[in-house]
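Asker: Whole structure, please, built from the sequences with the hints as guidance.
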Amino acid sequence: MHSDPRSSPFATSDRFADRHLGPSAAERERMLALLGMKSLEELIAATVPAAIRFGRALELPPALSEREAIEELGAFAAENRRFRSWIGLGYHDTVTPPVVQRNILENPGWYTQYTPYQAEISQGRLEALLHFQTLVCDLTGMEIANSSLLDEGTAAAEAMTLCKRSFEGQASGATFLVSDRCHPQTIEVVKTRALPLGIEVVVGDAAAFQFGPETFGALIQYPATDGAVEDPTALIERAHAAGARVVVASDLLALTLLESPGKFGADVVVGNSQRFGVPLFGGGPHAAFMATRNAFARKLPGRLVGMSKDAAGAPALRLALQTREQHIRRDRATSNICTAQVLLSVTAAMYAIYHGPEGLTKIARRVHLAAVTLAKALEGIGCRCAAPVVFDTLRVTPGRGGADAVHALALERRLNLRRYANGDVGVALDETAGAADLVAIFECFGGKAAGFDPDAVARTVDAAFPAALARTTPFMTSPVFARHRTEHELLRFMKRLETKDLSLTTSMIPLGSCTMKLNATAEMAPISLPGFAGIHPFAPADQQAGYAKLFARLEKWLAEITGFAATSLQPNAGSQGEYAGLLVIREYQARRGQGHRNVCLIPVSAHGTNPASAVMAGFEVVAVACDDDGNIDLGDLKAKAQEHGERLGALMVTYPSTHGVFEEGIKEVCATVHRHGGQVYLDGANMNAMVGLCRPGDIGADVCHLNLHKTFCIPHGGGGPGMGPICVAAHLAPFLPGHPFAFPGTAPKQGVGAVSAAAYGSAGILPIPYAYIAMMGPDGLALATQVAILAANYVAHRLDPHYPVLFRGKNGRVAHECIVDLRPLSKSSGVEAEDVAKRLMDYGFHAPTLSFPVAGTLMIEPTESESLAELDRLCDALIAIREEIRAIESGKLDRKDNPLKNAPHTAATVTAKEWTHPYSREQAAFPAPWTREHKYWPPVSRIDSVYGDRHLVCCWIPEFSQAAR
Amino acid sequence: MVPRDRRYLASHEWAKKDGAFVLVGITAFAVEHLSDLTFLSLPAVGAKLKKGDRFGEIESVKAVSELFTPVGGEVAAVNTALAEKVESLSADPWNAGWMIKLKNVADAELGALLDADAYEKKCESES
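Chains as they are written, first to last, in this note's numbering: chain A, 496 to 1460; chain B, 279 to 405.
Read the hints as simulated data drawn from the structure, not as lab findings. Ideal placement from N, C-alpha and C gives every residue a C-beta, glycine not left out. Among the hints, erroneous ones may be present.
Only some residues are given here: those of chain A computed to face chain B with a beta carbon under 10 Å [as the list claims (entries may be wrong)]: (1) S661; (2) G664; (3) T818; (4) R819; (5) R827; (6) V1441; (7) G1443; (8) D1444; (9) R1445; (10) V1448.
Answerer: Here it is, written out as structure tokens:
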């Protein structure tokens, strides 16, 4: 008899952990031997301080096989009931072109890319993002657009703070008007954001609002949440006359038919690009957009792609104006945003490229015609549609029987309509709506199918917009939107872009603090299941039973892993987790009569997002010094905690430290802050070094966020999506974020306001961490952490003789990453860390993290998922580069004209007729044996960032494509 | 050699008497360290500044630095030509590279700043 089926001789022989972990058991032995260690346990004992070791196994279910996990998730998806959702509220069903779904969304060549900081090996997605920015600018009528934000709600909140910043140095009011005809979740997110910043949000009828000097800006929605399309000119003029800025939330599909907000004078335009081919995903991930005028370019939050040129003078793309961002500007950044939604903006761009302006216009006309046809039919049976002009959304006052009867019939027919508090019913149509759908909706309102022939009614309606609103400005006129309308053309275009970029399908991406581990196919496949991808975030809870189960289990598992009592899945990026966690701390302090505690201590070594988030949550940032080893200076911490005693609200600390070390004093750090009345926020960016070995809650933290896109296998997507849920101790649980559309009974009692547009953030990608935890099981997770630490120590050991390894723990061990010092090389050879980063591209590698947390260094995080062969290949490449540097030091290579300074080398450079460099073409392009077997060719040479920032171009211009012909 | 005709802040701003006005800019040492300048923001004419107030920002591709006024006063003029072409700052930080022109400056504030020798010593300790 077998009590445990897993011990049966017929249990699957294939363990997922063996596929996820790079080094085999035998290889791990060899690596340990090299480090002079007998076992992983001995290595961990020498690395993780005994005082914080977790003494037992995580209480998680035993590991599932890949097949079992896929089946379990399939069962969850099947428990979600997929009704046709005509709810609207910023989320509309859409037809993802299958060619885009398979070759972008489901393609590891795209989704395993990192953020495009190393621009030379990111030209493909940078081009896709340039097209995204261009289409957003064209449709909104603005001059500059960023490459996406997290969701429409946070984009509106960012727009509010952009307006405030636009008055920097001038007097401006503190009131922000929000039209009551914006989406309710947008209003909630804006209100949450305004509160700690001292901005007073007035929600009301924008048309009746009297603008005075106290009002610095206004947010309106066009078309409005109830579907009405009204000319915003008069309102914008009144606002401008009073010195206020105007933000317009809009809809890209509607703008193909409607005149752009820019033409009406809008200062900022935001919205969600989801209906451009991105599945509903239960609320996300989707790419929100923000566009503004050039005058506010430097106030724009988020990533911005701009044109520049490479060393050969060819056009090349890279991230522009990075000085706006938190990693440089810290507490003075435009926003705490780090992540964008690259994979989703690329998807939206490809949808637009596939359809072109004419195709999009046709789709929009069909959707619009469906709306006006339905409106006419409904009015014929005694319903009233209030708005004289609509695009795709109706607000209907039902006839006899009222709303309850309508919704009851709708549920019978498996469709969802929007409920208004006053008994009106909302209907938002989309590109999937056909004649039969219109009839079904008509029947819900009491109509008889026989009495409504949509084709006939459509011929009698006037679908033209009034002249003042009808779009006359052309859009998407650049050739990319005309050239790829057949599947072959688009397929090859996407492949061309994909092969320009380096992803995990090429080689390891050893970025410190980014945890570029395996994104297993078994984790990714379930997210495409229609039972997950096809769910509207605001569909009734009883249709989301599968999601509810998945969320509840994941919340429990993450709480167990972190040693906390409760989890909020709402924050949809690490930065948003920080912001949410700090809001929770503020609320806790306020509720216990300590609302005056507004000082947040942050070590100088912290990532720039920490101070940026603290400012957003209304804290005053006080820096704490670090010692020469990168550890928090306990003396300074104690002094600062003492000094700010009564005002101390929180400490933000990263553990293991940003320098990749398990600090011995962490418990004392936490205790010190608690003694002075503060709460401890633990930045979970480095959680991959802790899972199963130690827990933030046990160390003494009160709240932490988790980057599910690092430790828990959500792919980086080329720069998003991310997910940043927070886990909290019991005393903070009542204050976790609420949401107007959270499942009934799940909202915390005294929760802070909504921090994301959707209640469960990017729900659609939560099956990924679920699958990872389920397939690894408690033992697999702990082993992964041990192997990640082993791999980092192995790399440190191999590289140390060539590049000194900085910062080690008391036994000489690093945590899950190591920092190698290149600063001495600058004097001896003139080589800078950046040159090494670029030279690695010629070897077929992505550079490690460059100059963070210490300038002139590289931070390497190998993760547990790289085989010994791949780790050795990376070390061999770095050692070979060290030899090249030695040749410069000894004078064998020129100090200025050498393979490092000229890196990366493109195919065009090394095959050019003329070769003037004092080293060979072969050394340039084929410096290592494996490059003969498979050569990754950087598509451009070194990019001139200075030129691009001095000549800012962030939309497509003809010069960009000319050089390619 | 730093010019002797003006006074300095340790944070590398200079202030120089110009008739009834005081000109403020940043030193050649600072410009060299910032490298590859891309953007300069300056205050509005008429802005009233106290000694030590932030009067603008200067950016390179990888860094942003705040600019602090060594002396208080009212902004009488700003160098818009420089703001439009900030890369020209490296050619002549001492004269054409002035950033703001202040009026109503207290002489005592100017006198309390570092003199050229003290500033040079400070730079030596930094490099």
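Asker: Each hint: holds or not?
Answerer: Hints and how they fare:
1. With a least beta-carbon distance of about 13 Å to chain B, the hint placing A/S661 at the interface is violated under the 10 Å criterion.
2. Interface restraint check: A/G664 against chain B, minimum CB-CB distance 6 Å, threshold 10 Å, status holds.
3. Interface restraint check: A/T818 against chain B, minimum CB-CB distance 4 Å, threshold 10 Å, status holds.
4. Below 10 Å, beta-carbon pairs count as interface contacts, and A/R819 has one with chain B at about 9 Å; its hint therefore holds.
5. Annotation: A/R827 was flagged as interfacial toward chain B, and the flag holds, the nearest CB pair being 8 Å apart, inside 10 Å.
6. Among the interface hints, the one on A/V1441 holds; its C-beta lies about 4 Å from the nearest C-beta in chain B, closer than the 10 Å criterion.
7. Against a cut-off of 10 Å between C-beta atoms, the interface hint on A/G1443 holds, since the closest Cβ of chain B lies about 8 Å away.
8. For A/D1444, the interface hint holds, since its Cβ comes within 10 Å of a Cβ in chain B; the closest pair sits about 4 Å apart.
9. Because the smallest distance between the Cβ of A/R1445 and any Cβ of chain B comes to about 5 Å, under 10 Å, the interface hint for this residue holds.
10. Hint status for A/V1448: violated, given a least beta-carbon distance of 14 Å to chain B, over 10 Å.
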